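Novice: What follows is each chain in one-letter form.
Protein chains: 4
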Amino acid sequence: MSGNTFGKLFSVTTFGESHGAALGCIIDGCPPGLELSEADMQRDLDRRKPGTSRHTTQRREADEVRILSGVFEGKTTGTPIGLIIENTDQRSKDYSKIAEQFRPAHADYTYMHKYGTRDYRGGGRSSARETAMRVAAGAVARKFLEQRLGIKIRGYLSQLGPIKAEKLDWDQVHENPFFCPDADKVSEMEAYMDALRKEGDSIGARINVVADGVPPGLGEPIFDRLDADLAHALMSINAVKGVEIGAGFDCIEQKGTEHRDEMTPDGFLSNNAGGVLGGISSGQPIVASIALKPTSSLRIPGQSIDVNGNPVEVITTGRHDPCVGIRATPIAEAMMAITLMDHYLRHRGQNGDVQVSTPVLGQL
Amino acid sequence: MSGNTFGKLFSVTTFGESHGAALGCIIDGCPPGLELSEADMQRDLDRRKPGTSRHTTQRREADEVRILSGVFEGKTTGTPIGLIIENTDQRSKDYSKIAEQFRPAHADYTYMHKYGTRDYRGGGRSSARETAMRVAAGAVARKFLEQRLGIKIRGYLSQLGPIKAEKLDWDQVHENPFFCPDADKVSEMEAYMDALRKEGDSIGARINVVADGVPPGLGEPIFDRLDADLAHALMSINAVKGVEIGAGFDCIEQKGTEHRDEMTPDGFLSNNAGGVLGGISSGQPIVASIALKPTSSLRIPGQSIDVNGNPVEVITTGRHDPCVGIRATPIAEAMMAITLMDHYLRHRGQNGDVQVSTPVLGQL
Amino acid sequence: MSGNTFGKLFSVTTFGESHGAALGCIIDGCPPGLELSEADMQRDLDRRKPGTSRHTTQRREADEVRILSGVFEGKTTGTPIGLIIENTDQRSKDYSKIAEQFRPAHADYTYMHKYGTRDYRGGGRSSARETAMRVAAGAVARKFLEQRLGIKIRGYLSQLGPIKAEKLDWDQVHENPFFCPDADKVSEMEAYMDALRKEGDSIGARINVVADGVPPGLGEPIFDRLDADLAHALMSINAVKGVEIGAGFDCIEQKGTEHRDEMTPDGFLSNNAGGVLGGISSGQPIVASIALKPTSSLRIPGQSIDVNGNPVEVITTGRHDPCVGIRATPIAEAMMAITLMDHYLRHRGQNGDVQVSTPVLGQL
Amino acid sequence: MSGNTFGKLFSVTTFGESHGAALGCIIDGCPPGLELSEADMQRDLDRRKPGTSRHTTQRREADEVRILSGVFEGKTTGTPIGLIIENTDQRSKDYSKIAEQFRPAHADYTYMHKYGTRDYRGGGRSSARETAMRVAAGAVARKFLEQRLGIKIRGYLSQLGPIKAEKLDWDQVHENPFFCPDADKVSEMEAYMDALRKEGDSIGARINVVADGVPPGLGEPIFDRLDADLAHALMSINAVKGVEIGAGFDCIEQKGTEHRDEMTPDGFLSNNAGGVLGGISSGQPIVASIALKPTSSLRIPGQSIDVNGNPVEVITTGRHDPCVGIRATPIAEAMMAITLMDHYLRHRGQNGDVQVSTPVLGQL
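Residue numbers (the working numbering), protein chains in the order written: chain P, 3 to 366; chain B, 3 to 366; chain W, 3 to 366; chain S, 3 to 366.
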């Protein structure tokens, strides 16, 4: 509960630094009886993995996850699932500069203030590398939600800097390195990214995530509303600066007659609510959208200070993503999956409706 | 922890329905030694109170809070503070229609699905009336933060439907019924609201909240980031559909060189981060912005269904706010105050730095 | 979560001081649809109430509980249940002595160290008066457990100082002021208590609590074992210094062949485990036993110090129970009920198996 | 929070099965700046390790712990500490019998009821092997408590079946395989254990734990009393059936004049309270005592049923401790250390009084 755990009944606790020995997590609360192997997680891990196109960081991590507990004879047992990913690409490097300087818009300065110390190698705990474990944990939630409840969670990049996707073709999302659902925009995005890399600058992005098939009734008002917990989950992703549910900020200029989702016996007539009313799922698709800031690791120098308070000029030379948003789609999906799974268990219990059939002894 | 509690060390748990006997809350974790009386809370409660201008609902509630525990000889003791507001304006009314129908965009339908029952009088638990207790609890947090740490939390309405405030003059905020910081826009807003009321329609709004004087170092990565907890807190307010920290959604189109807040020995050169880096406060002002949807209680009929699934036409005739955003400023301030207070105690301990001076006995 | 809440899904948070305005609590997580009125709680409150025989404190409190929320048309709605008991017997009294002195074996000294202040009137928050709210909350849990699951929770006083009950006749428990299940010991207990009162001294006691009808499968290893949570719940009762489950401390001298509860197709052959194996209920009765210390409010003077560290002689003159154990039976029952209820919901979900039948709309 | 986490600010979450790939845990909330290496944990792990005398199970586990995160340049950073112990002694074995039978007094039957499945190899998650991670986590807490606060936590075996230690000589505790503080009883214990092993039976034990140097003021009434949390922590240890604080069950027959710990300017005159008054530490030593049941893995056959409900005769042939209490001393110390550490941080904050000295930038 000290900050590195998310979820009350489906609890995910992560550990690990960017350049430490390993990343890991414990999933506590996964119901028993779910078929689970490393392969179930690897698919999503590979989607998040760096180095798969020229548009992401060239750091090469195998990101091979290993299940250490909680699975027996191919199925979950209801006990905690321990996961680990060993770090393999720890290039020996001269960290003397980064140890002394606070990079603008990084967590360097704030970690130093909070803890009085920091593991500066590759950003340490504040590195987006930590999100690999969220993707692994999210894959477990997704499998349960899909198999048992038919819930499908999918995300896509809807905007890369100034370029907006104008079509939502789910089949296109995995056909390009951007998770872009609009095939017509892909070459424009490639050109934009190539130019950006040459400049040494970076850019922001928008990711949308949708959960189809969510039953009505999930969410615990007042504070643990489904949308509030989703906002928490999504805002906790590195670089996220904004979260919208359904119509989001557009609702400011909507009139009530326009915003309200009318109902008929055949269903809702619109989904401005994004699938949540009064903090509880309505049975419509859950729709969220997030804004990711441009990474601050730039080859263009910037003003900063060192640990002694003296002015310095900072240049980042390492391997970095010019648009961190590109790899964020699987992470956002994972966080939505974990949130929905947690609320499903809160509503239905730790056992997730497992029917137990062993003989019950009479009482003496 | 079942949904009606916010905060880990400064915990606020609320109860109460719109037309029930009373609203109440327990603040658990307020440090001892804080001077506190009902008047400290009443000021903020009065700012949220309905019926103070023609632009908000004409329901008349005294909203008089009473402290039942946790304060002794005018000061907090460290034990739980019990608060209560008796409901006084419970007009006897015919609820037969509302009991049978699901109003579009209300929580009627989802509460019915979650609980199989609902208190339909005035929206029951899903009514914004519940936020009165948040404002009361927030006032306690604000007083502590201001007195002990010099933190000042202030909010304002930055947009009412299509009308944007263009100036931020803090002195103006309390000079008009909208919490609008731009005096030049007030008459435009008044005219807009009058027209809206005639139409029987409603409109959305945007509220900004700022905390000045927050020390660096508050926030617990990875999941309990200060900004993630703020997003949780703000999204849990009725009608909120979007949350931004700092540059928010604008960061999508920002380049890294533009977004990063450079540092000099004299301070940061900008605040796109909104005062949070890596989930930890940076010492800059914490800046958040929220979108509130238009209320769905409209005099213009809408399609819906009844509890038996038959189509009905719904018209709301009661007393309602055509723009719920107008009264949301004190609520947003309260939720930011509670969040900061909680993180302050997590960082500094339940006692909030209280120095204890009683003699310690030797050990036998 | 700051100390005044018990339970994760069935959460009980209490507030109130002995001589403050009121006691109260919020029950968050009670499933919807349970018939509930004040009378359901009053029965147990009256069993705990002081002043019903000459053997307990003569303070006269009506202990009338009022439901403020969470119940609609006679049934729970799933929203938080707010409860309040106004304090009526606040005799004006001279507290100057008690304010300056630390009574031996009371919480005076430790509260002063923790908080730097304390509400000294009648023990303030540390008074056993707080347990009235636990009894009220426990009554709600008991009703649910009994009606829905057939679970019956009953306690009795098994030892008063040197006098042990030798028979367990449930019908006798409510036939005497001691909750003693052995009619033959009642007159002995009465004589003992009368002598004690004359002396101005006090005595300890042992209470046993049994839950019949608990289904197998409740409890969450490793740390939230059912027995560990029960130990937490029972040890949190004022004056409790020891907790046993099943054979308890007797198991130290038991051999494995003696202790193990053998199983046959007709049931277990013994219950040394007290109904819990590996932290999970076995289907046998849950059996716990607690030790309560003698109250320290005595008419016989004792050595102590004042707030300045000077030696003083302390005599308690107020109204007190010479054996706090006498009134503890309903409190122990309540804490067992709350613990079982919480684990039932953790296993079965917040809704406690409520079947919801409203029509589900198709998705657009 | 799903059962495998203990502590609110110093949170320990464990995973791992007896015969799985590895055991592990995450310590979340350890303050930064503590010097920490594997050696600090290994000392306590070796004290718990099986196979070090003929009186404990002959399973040979290296129990070598590896730190995976949270330590940088030899010191903790404030981020989660990931720990792992690989299982090495996984003898291939025929588990067909144990898979089909419920061993009396084991968790087999209840795990099956709760989860509908179980990892039956060596008891799976319910094996005491899990406590290795508690000992490792406890070692971190102990080091902090000792270095920063001078708190010393020590335990000993005070009774083995019928044999009671009559002297408390701390220097003797580590001079014998029983943690017995009375040298005169060691040969008697050895003979008793040898006879027991021949019989194929087992026996219970009592362990006492003492924390010296605890400052007054730790503990959060009402429910999170220090003693209630300690009871929770200690009862969560495998095989524990009873917990006492201070005088414990002896207080039943104590009079108030005997039980109350009188105070003088030089200190308390006795410690019947066991260092806790009103749920808050008093500055006296914290004293707890626990009862451990005899293990149920016996060579003497016992009646039981199989998974189909048919009667079977069960004999355990594997490697087992005839007295699980013998190795429990380090585990009890660890759980007390974790509990005290958690309450220290709740009182003093996540940072545990760390003074941070980096320059604070001015605000813009």
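It cannot be assumed that every hint is accurate.
Since the list gives no way to pick out one identical chain from another, each pair is judged satisfied if it fits inside one copy or across any two copies.
As the list claims (entries may be wrong) - Under the rule of at most 35 angstroms between Cα atoms (straight-line distance), these lysine-lysine pairs were calculated in the DSBU-like manner: (1) Lys99 to Lys169; (2) Lys200 to Lys257; (3) Lys166 to Lys99; (4) Lys145 to Lys169; (5) Lys154 to Lys200; (6) Lys95 to Lys154; (7) Lys166 to Lys95; (8) Lys99 to Lys145; (9) Lys200 to Lys77; (10) Lys200 to Lys169; (11) Lys145 to Lys200; (12) Lys95 to Lys169; (13) Lys154 to Lys51; (14) Lys77 to Lys99; (15) Lys51 to Lys200; (16) Lys257 to Lys95; (17) Lys257 to Lys99; (18) Lys169 to Lys77; (19) Lys166 to Lys77; (20) Lys257 to Lys154; (21) Lys145 to Lys51; (22) Lys99 to Lys200.
These are calculated hints, taken from the structure and not from any lab test.
All values reported here derive from a predicted model rather than from experimental measurement.
Novice: Now tell me if each hint is right for this structure.
Specialist: Right, here's what the structure says about each hint:
no.	hint	verdict
1	Lys99 to Lys169	neither (45 angstroms within a copy, 42 angstroms between copies)
2	Lys200 to Lys257	between (45 angstroms within a copy, 13 angstroms between copies)
3	Lys166 to Lys99	neither (38 angstroms within a copy, 45 angstroms between copies)
4	Lys145 to Lys169	within (28 angstroms within a copy, 50 angstroms between copies)
5	Lys154 to Lys200	neither (38 angstroms within a copy, 44 angstroms between copies)
6	Lys95 to Lys154	neither (42 angstroms within a copy, 42 angstroms between copies)
7	Lys166 to Lys95	neither (38 angstroms within a copy, 51 angstroms between copies)
8	Lys99 to Lys145	between (44 angstroms within a copy, 33 angstroms between copies)
9	Lys200 to Lys77	neither (49 angstroms within a copy, 40 angstroms between copies)
10	Lys200 to Lys169	within (29 angstroms within a copy, 39 angstroms between copies)
11	Lys145 to Lys200	neither (40 angstroms within a copy, 51 angstroms between copies)
12	Lys95 to Lys169	neither (44 angstroms within a copy, 49 angstroms between copies)
13	Lys154 to Lys51	within (22 angstroms within a copy, 43 angstroms between copies)
14	Lys77 to Lys99	between (48 angstroms within a copy, 20 angstroms between copies)
15	Lys51 to Lys200	within (23 angstroms within a copy, 56 angstroms between copies)
16	Lys257 to Lys95	between (57 angstroms within a copy, 28 angstroms between copies)
17	Lys257 to Lys99	between (54 angstroms within a copy, 24 angstroms between copies)
18	Lys169 to Lys77	neither (40 angstroms within a copy, 49 angstroms between copies)
19	Lys166 to Lys77	neither (42 angstroms within a copy, 47 angstroms between copies)
20	Lys257 to Lys154	both (31 angstroms within a copy, 33 angstroms between copies)
21	Lys145 to Lys51	within (20 angstroms within a copy, 38 angstroms between copies)
22	Lys99 to Lys200	within (24 angstroms within a copy, 65 angstroms between copies)
In this structure, the hints that do not hold are numbers 1, 3, 5, 6, 7, 9, 11, 12, 18 and 19, in rising order.
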